[in-house]
Amino acid sequence: MRGIIATVIAMSAAGSAYATPFATQALDYSPGIGAEPGYTGDSTVVLGSPERYTGELTPFPGDVTMFSSPFGTDEVLSVGAGGWITVGFDAPIVNDPLHPYGVDLIVFGNTFFNLDFGDPNFPITGISPEPGIVEVSADGFDWRPLSCAADGLFPTQGYLDSGEFGFPAGSVPTDFLKPIDPTLTIGDLVGLTYSQALALYDGSGGGTPCDIAESGLASAAFARVRVPEGATWSTEVDAFVRVPEPATLALLAPAMLLLRRGRSRRA
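Using my numbering, read the sequence shown as starting at 841 and increasing by one per residue.
It is possible that some hints are incorrect.
[Stated by the list, open to error] Simulated restraints, written as ranges between beta carbons of each label pair: (1) F900 with G958: 20 to 26 Å; (2) D914 with D1028: 31 to 37 Å; (3) A1009 with G1031: 42 to 48 Å; (4) N961 with F900: 29 to 35 Å; (5) T1072 with A1009: 32 to 38 Å; (6) T1033 with P940: 23 to 29 Å; (7) F1005 with G1031: 30 to 36 Å; (8) D959 with D1042: 22 to 28 Å; (9) G958 with S1035: 16 to 22 Å; (10) D959 with P1086: 39 to 45 Å; (11) T1072 with G878: 15 to 21 Å; (12) F1007 with G1043: 18 to 24 Å.
Hints are computed from structural coordinates only; laboratory data are not their basis.
In this text the structure is predicted, and so the values were computed from the model without any measurement.
Just so you know, even glycine gets a beta-carbon here, dropped at the ideal spot from N, CA and C.
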């Protein structure tokens, strides 16, 4: 493990503006107690981009929306009480106040909004969070907890123009590198319809926004989600995204467009 960590640190230090913003190494995984059966077999499912389309292995595929979360066993990883998933990146997570809202890291899972199905407009009534502890580290040994908890606000939204339950299919991808305003609360969303909530997302693909400034670190090579001992829930994790430096976004744009096209409809 120490050798792997040293290698990842060296790679992060040499990371260029073209490094992928998504986690690239699944370094350590313990499912803990009470992880969801069928969702513990492959820790590498948390690498790469968050899911835009789900259920390809089932009779019910569809776009991922804030009302219809990713559910495939090849899409999310379950972490139970006392468990964790640790990932590394090609370039470090940087604490930068110039990031949108100061957010440096976004963690994606599979929560979704609760709805009033008795109302034809399906207004949001709440959310059922699965609050894993998000931590970051510069060296893989000294872990610093953050106040953001994943998975919770904000559920993933794959496309700007999908139907609320994933059909009809959308064609305009959201931005997984754009965080949502972390000062928003569930109270700001309760009562909103799908289209109103989409407007509040403002083009973002959702995810839990985290500012690593509170860790005291200038940068972090590693992130993990850990579920406390004795927890009565499991946390499902889809992806980790480091928010790129503002100056690199223009360089990343062509590659991100190709990635979106490639993952938009996985057969």
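Hint by hint, here is what the structure shows:
1. F900 with G958: 20 to 26 Å: Distance hint for F900, G958 holds at roughly 23 Å.
2. D914 with D1028: 31 to 37 Å: holds, 33 Å
3. A1009 with G1031: 42 to 48 Å: For G1031 against A1009, whose Cβ atoms are near 27 Å apart, the range 42 to 48 Å is violated.
4. N961 with F900: 29 to 35 Å: violated, 23 Å
5. T1072 with A1009: 32 to 38 Å: For T1072 and A1009 the Cβ distance comes to about 36 Å; the hint holds.
6. T1033 with P940: 23 to 29 Å: holds, 25 Å
7. F1005 with G1031: 30 to 36 Å: Given range 30 to 36 Å: violated, Cβ gap about 19 Å.
8. D959 with D1042: 22 to 28 Å: Holds - the Cβ-Cβ distance for D959 and D1042, about 24 Å, lies within 22 to 28 Å.
9. G958 with S1035: 16 to 22 Å: holds, 19 Å
10. D959 with P1086: 39 to 45 Å: Cβ of D959 to Cβ of P1086: about 41 Å, so the range 39 to 45 Å holds.
11. T1072 with G878: 15 to 21 Å: holds, 20 Å
12. F1007 with G1043: 18 to 24 Å: At 21 Å between Cβs, range holds.
Comparing the model with each earlier hint shows violations of hints 3, 4, 7; every other hint is respected.
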